[in-house]
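Sequence lines, in order, name chains C and G. The first sequence begins at 3 in the working numbering and counts up one residue at a time. The second sequence begins at 259 in the working numbering and counts up one residue at a time.
Calculated from the structure, these hints are not laboratory results. Here a beta-carbon is modelled for each residue, glycine too, at the ideal position from N, C-alpha and C. It cannot be assumed that every hint is accurate.
Heads up, simulated DSSO-like pairs for lysine-lysine below, C-alpha to C-alpha not over 30 Å straight-line [to be verified]:
hint: 1; chain 1: C; residue 1: Lys154; chain 2: G; residue 2: Lys287
hint: 2; chain 1: C; residue 1: Lys56; chain 2: C; residue 2: Lys142
hint: 3; chain 1: C; residue 1: Lys38; chain 2: C; residue 2: Lys99
hint: 4; chain 1: C; residue 1: Lys56; chain 2: G; residue 2: Lys303
hint: 5; chain 1: C; residue 1: Lys72; chain 2: C; residue 2: Lys166
hint: 6; chain 1: G; residue 1: Lys289; chain 2: C; residue 2: Lys70
hint: 7; chain 1: G; residue 1: Lys330; chain 2: G; residue 2: Lys303
hint: 8; chain 1: G; residue 1: Lys336; chain 2: C; residue 2: Lys62
hint: 9; chain 1: C; residue 1: Lys70; chain 2: G; residue 2: Lys330
hint: 10; chain 1: G; residue 1: Lys289; chain 2: C; residue 2: Lys130
hint: 11; chain 1: C; residue 1: Lys154; chain 2: G; residue 2: Lys289
If you anchor each label on the Cβ, the simulated ranges turn out as follows [to be verified]:
hint: 12; chain 1: C; residue 1: Asp115; chain 2: G; residue 2: Lys321; range: 43 to 53 Å
hint: 13; chain 1: C; residue 1: Asn100; chain 2: G; residue 2: Leu346; range: 46 to 56 Å
hint: 14; chain 1: G; residue 1: Phe266; chain 2: C; residue 2: Asn51; range: 53 to 63 Å
Stretch by stretch, here's where chain C covers chain G in the computed footprint (C-beta under 8 Å, at least three residues) [to be verified]:
hint: 15; region: 285 to 295
hint: 16; region: 325 to 331
hint: 17; region: 339 to 345
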Amino acid sequence: MRDLISTINFNQWIDKHSDYLYAYTMLKIGHEEDAKDLLQETFIAAYKNIENFKGESSEKTWLVSILKNKIIDYYRKKAKERPTNDYLNETEDSFDKNFFNENNYGRWKIDIDENYFSNSTDSYLQGKEFQTYLTYCIDKLPLKLRSVFIAKYIDDELAENICKENEITSSNYWTILFRSKTLLRICLEKKGIKP
Amino acid sequence: MNYFKKIFNNCHEVSMLSIKGKEERLSFKTKAEMALHIAFCKCCKNFVKQSNKMDTAFNAMSKNLENQSPYKVSEAFKEALKNKLNNL
């Protein structure tokens, strides 16, 4: 009986939710093969633990919560290879040198006062063209920045949880958000967005 | 004099604080110094503006992930996954 019900449900769930789950994973990790593996692991874990699904939340919410844990494990594994703190320290100089003139009290190295999307309307920012550029630019972010950045700006998670999940200090958290935005804005400018 | 030079030129710190200040309370002194810098620095003014615009775009992305995302899995992948679960 259980087998019958779960088989039917799971086929539907895969049809209904795998695109969303995959899009979510790609945004977070940007690696196709790994994203597919995580997606597969998520459905297998859900299948094996179907009795934990109480139906209190939607199946989509439940699947996302399983997936999120898988993604956290994935980041942790990556963090073991290269701790985030080391990454930030090692790349600090080149980031600073690229964008700021430290001999001049930290002024922007190149003036960034041009109106690239500074005055864009909300509907343009929410529209397909800008969103496509944004996806492209997020995809260029280093994974170390990306996990924190997406958790904050796309998942709207609390800083405290983000720091815990990524095992970083709050000072690293600010550094990561700042670097992400700096890199994104320069990428968006390079795409020549100037409506 | 150095104090003012620092306030007027430290874009690095001001732009970073502009992001931090959205989530955390900054001291009155810090806020005043930031406001002073931004009033005279068109680059940081622009950074803050663009940063806010990006927030609007992120919000939309988060809501429309399903419809607007370029990432999709193939039907073959879905079928393979179904088979895998059926044979567990």
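Taking the hints in turn, this is what the structure says about them:
1. Distance hint between lysine 154 of chain C and lysine 287 of chain G is fulfilled; the C-alpha atoms sit about 27 Å from each other, no more than 30 Å.
2. The suggested pairing of lysine 56 of chain C with lysine 142 of chain C is violated, with an alpha-carbon distance near 39 Å, which exceeds 30 Å.
3. Restraint check: the Cα-Cα separation between lysine 38 of chain C and lysine 99 of chain C comes to about 37 Å, which exceeds 30 Å; the hinted pair is violated.
4. A hinted pair counts as satisfied when its Cα atoms are at most 30 Å apart, and lysine 56 of chain C with lysine 303 of chain G does not qualify at roughly 50 Å.
5. Only pairs whose Cα atoms come within 30 Å are accepted, and lysine 72 of chain C paired with lysine 166 of chain C is accepted, the gap being roughly 15 Å.
6. As the CA atoms of lysine 289 of chain G and lysine 70 of chain C are separated by approximately 36 Å, the hinted pair breaks the 30 Å bound.
7. Among the hinted pairs, lysine 330 of chain G with lysine 303 of chain G is inconsistent with the structure: their alpha-carbon atoms are about 38 Å apart, more than 30 Å.
8. Of the supplied pair hints, the one linking lysine 336 of chain G and lysine 62 of chain C holds, its CA atoms being roughly 16 Å apart against a limit of 30 Å.
9. At roughly 18 Å between alpha-carbon atoms, lysine 70 of chain C and lysine 330 of chain G fall within 30 Å of each other, so this suggested pair holds.
10. Between lysine 289 of chain G and lysine 130 of chain C, the direct Cα distance comes to roughly 36 Å. Violation of the 30 Å bound is thereby established for this hinted pair.
11. For the hint pairing lysine 154 of chain C with lysine 289 of chain G, the CA-to-CA distance comes to about 23 Å; that is within 30 Å, so the pair holds.
12. Hint check: aspartate 115 of chain C to lysine 321 of chain G, Cβ distance near 31 Å, so the stated range 43 to 53 Å is violated.
13. Asparagine 100 of chain C and leucine 346 of chain G have their C-beta atoms about 50 Å apart, which keeps the hinted 46 to 56 Å range intact.
14. Taking the beta carbon of each, phenylalanine 266 of chain G and asparagine 51 of chain C are about 59 Å apart, inside 53 to 63 Å as hinted.
15. With 0 residues having a Cβ less than 8 Å from any Cβ of chain C, the region 285 to 295 of chain G misses the three-residue criterion, and the hint is violated.
16. Here's how the region 325 to 331 of chain G fares: 6 of its residues keep a CB closer than 8 Å to some CB of chain C, so the rule of at least three is met and the hint holds.
17. Using a Cβ-Cβ cut-off of 8 Å, 5 residues of the region 339 to 345 of chain G lie near chain C, which meets the minimum of three, so the contact claim holds.
In this structure, the earlier hints numbered 2, 3, 4, 6, 7, 10, 12, 15 are contradicted, and the remaining ones agree with it.
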